[in-house]
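Trainee: What follows is the residue order along each chain.
Number of protein chains: 2
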Amino acid sequence: MAIQKATNITWHQGHISKEDREKLLGQKGVTLWFTGLSGSGKSTVAHEVEKIFYERGHASFVLDGDNIRHGLNKDLGFSPEDREENIRRIGEVAHLFTEAGLITLTSFISPYRSDRQKARELANEGDFIEIYVYCPLEECERRDPKGLFKKARAGIIPEFTGISAPYEEPENPEIRLETHKNSVEECAKIVIDYLEKKGII
Amino acid sequence: MAIQKATNITWHQGHISKEDREKLLGQKGVTLWFTGLSGSGKSTVAHEVEKIFYERGHASFVLDGDNIRHGLNKDLGFSPEDREENIRRIGEVAHLFTEAGLITLTSFISPYRSDRQKARELANEGDFIEIYVYCPLEECERRDPKGLFKKARAGIIPEFTGISAPYEEPENPEIRLETHKNSVEECAKIVIDYLEKKGII
Chain A
332 MAIQKATNIT WHQGHISKED REKLLGQKGV TLWFTGLSGS GKSTVAHEVE
382 KIFYERGHAS FVLDGDNIRH GLNKDLGFSP EDREENIRRI GEVAHLFTEA
432 GLITLTSFIS PYRSDRQKAR ELANEGDFIE IYVYCPLEEC ERRDPKGLFK
482 KARAGIIPEF TGISAPYEEP ENPEIRLETH KNSVEECAKI VIDYLEKKGI
532 I
Chain B
332 MAIQKATNIT WHQGHISKED REKLLGQKGV TLWFTGLSGS GKSTVAHEVE
382 KIFYERGHAS FVLDGDNIRH GLNKDLGFSP EDREENIRRI GEVAHLFTEA
432 GLITLTSFIS PYRSDRQKAR ELANEGDFIE IYVYCPLEEC ERRDPKGLFK
482 KARAGIIPEF TGISAPYEEP ENPEIRLETH KNSVEECAKI VIDYLEKKGI
532 I
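As given, the protein sequences belong to chains A and B, one line each in that order.
According to the working numbering, the residues represented by the first sequence are 332 to 532, in order.
According to the working numbering, the residues represented by the second sequence are 332 to 532, in order.
Treat the hints as calculated values from the structure; they're not laboratory data.
These figures come from a predicted structure and were not determined experimentally.
Among these hints, one or two may not hold up.
[To be verified] Lysine to any residue pairs mimicking SDA-like chemistry, simulated, CA-CA at most 20 angstroms apart:
no., chain 1, residue 1, chain 2, residue 2
1, B, Lys520, B, Ile506
2, B, Lys405, A, Gln448
3, B, Lys449, A, Gly402
[To be verified] Output of the computed footprint for chain A on chain B, the stretches with three or more beta carbons under 8 angstroms from beta carbons of chain A:
no., stretch
4, 359-368
5, 428-436
6, 510-518
All C-beta atoms, glycine included, are put in the ideal place defined by N, C-alpha and C.
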């Protein structure tokens with residue numbers, strides 16, 4: 332885990348609080364943390380949910396695994412250390428977006444339970460909603476939308492989650508989706524219903 | 332500079348564009364990049380501008396040097412390499428916030444011209460507004476709000492910008508503020524006037 336390296340730094344308190352921003356935007360700033368295997372449908376569901384937010388006038392944003400790896404985290408690979416640092420940075424960025432009052436959707440495999448726990452600990456109570464996008468490995472492999480499982484099986488991609496690297500299932504996610512049983516629209520509705528019930532939107 | 336390490340990643344295109352978000356929020360997503368010496372007043376002016384945004388109903392957020400160093404960039408120190416990586420990450424995060432449609436204020440010394448240029452290159456034309464918060468070194472040192480200049484002169488803090496590390500002045504900033512001549516409120520007004528003239532708010 333990253334240790335605090337910089338010293339001689341002080342916290343600069345702004346004038347506007349998270350509550351102020353939430354009032355302005357008419358919503359609660361939360362993180363919807365989608366986790367699951369490659370091919371499980373994390374990004375597809377997250378972007379569907381984002382579309383519904385937009386139609387309802389909510390400010391939201393998807394932090395997407397692949398997209399972030401082209402920018403902020405382009406210096407990181409897929410070793411255990413790099414995966415940990417990848418998720419650490421995403422947790423911090425999601426926290427900033429959440430503090431800004433946005434409904435923040437993160438779509439990352441995020442295979443390690445401890446890394447997801449650290450991301451959760453950055454958030455205020457109730458502001459971190461873990462969404463386990465469950466889909467059996469065989470079905471993810473059958474879908475293989477990016478041809479990655481095929482490459483992993485052929486040994487071209489090392490350290491591939493589910494094949495040659497571990498995925499630690501969430502023990503108590505706030506929401507569990509099953510994309511082999513429910514359509515994208517049905518999964519999105521489950522998320523929206525949860526947020527409505529909790530008074531977040 | 333960080334090189335692209337991760338391979339086998341693809342760009343996931345969402346349904347909602349930056350323009351959609353700007354329409355929803357009634358503003359343009361831009362980055363206001365405050366740069367200047369420690370003690371020049373970057374954060375003070377940025378937070379004052381943020382307050383005005385809030386009062387006018389605009390969604391904005393300050394990414395503050397010290398605050399970010401407690402979280403996302405807590406693994407970085409003040410060596411030239413770490414400073415470069417610090418600003419690289421901030422540039423990427425500011426870009427994400429800007430894509431989300433927010434008016435994003437960054438308050439970092441960001442002493443190297445090339446690093447600021449890289450942050451600018453991430454943005455669409457017109458979305459990156461460099462604000463040089465000018466204040467003579469002697470005046471920054473006289474203010475010394477955090478006692479850092481004193482420590483730097485005593486050699487307790489090495490690599491301190493303006494004393495033992497370089498600051499490369501912006502050559503063509505969109506806005507130049509002079510905090511030794513103008514009050515915080517006057518400086519904030521200069522920024523707001525610029526944004527209004529450009530149709531950003």
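Trainee: Hey, Lys405 of chain B versus Gln448 of chain A, does the alpha-carbon distance stay inside 20 angstroms?
Mentor: 18 angstroms, holds
Trainee: Between the alpha carbons of Lys449 of chain B and Gly402 of chain A, is the straight-line distance 20 angstroms or under?
Mentor: Holds: Lys449 of chain B and Gly402 of chain A sit about 12 angstroms apart, inside 20 angstroms.
Trainee: Examine the stretch 359-368 of chain B for residues whose CB is less than 8 angstroms from any CB of chain A, and state whether their number is three or more.
Mentor: violated (count 0)
Trainee: Count the residues of the stretch 428-436 of chain B whose CB lies closer than 8 angstroms to any CB of chain A, then report whether that count reaches three.
Mentor: holds (count 5)
Trainee: Given the hinted pair Lys520 of chain B and Ile506 of chain B, is their Cα-Cα distance within 20 angstroms?
Mentor: Distance ~12 angstroms between Lys520 of chain B and Ile506 of chain B Cα, so the pair holds.
Trainee: Apply the coverage criterion to the stretch 510-518 of chain B and chain A: a residue qualifies when its Cβ sits closer than 8 angstroms to a Cβ of the chain, and three qualifying residues are needed.
Mentor: violated (count 0)
In the structure shown, a violation is registered for the earlier hints numbered 4 and 6, in ascending order.
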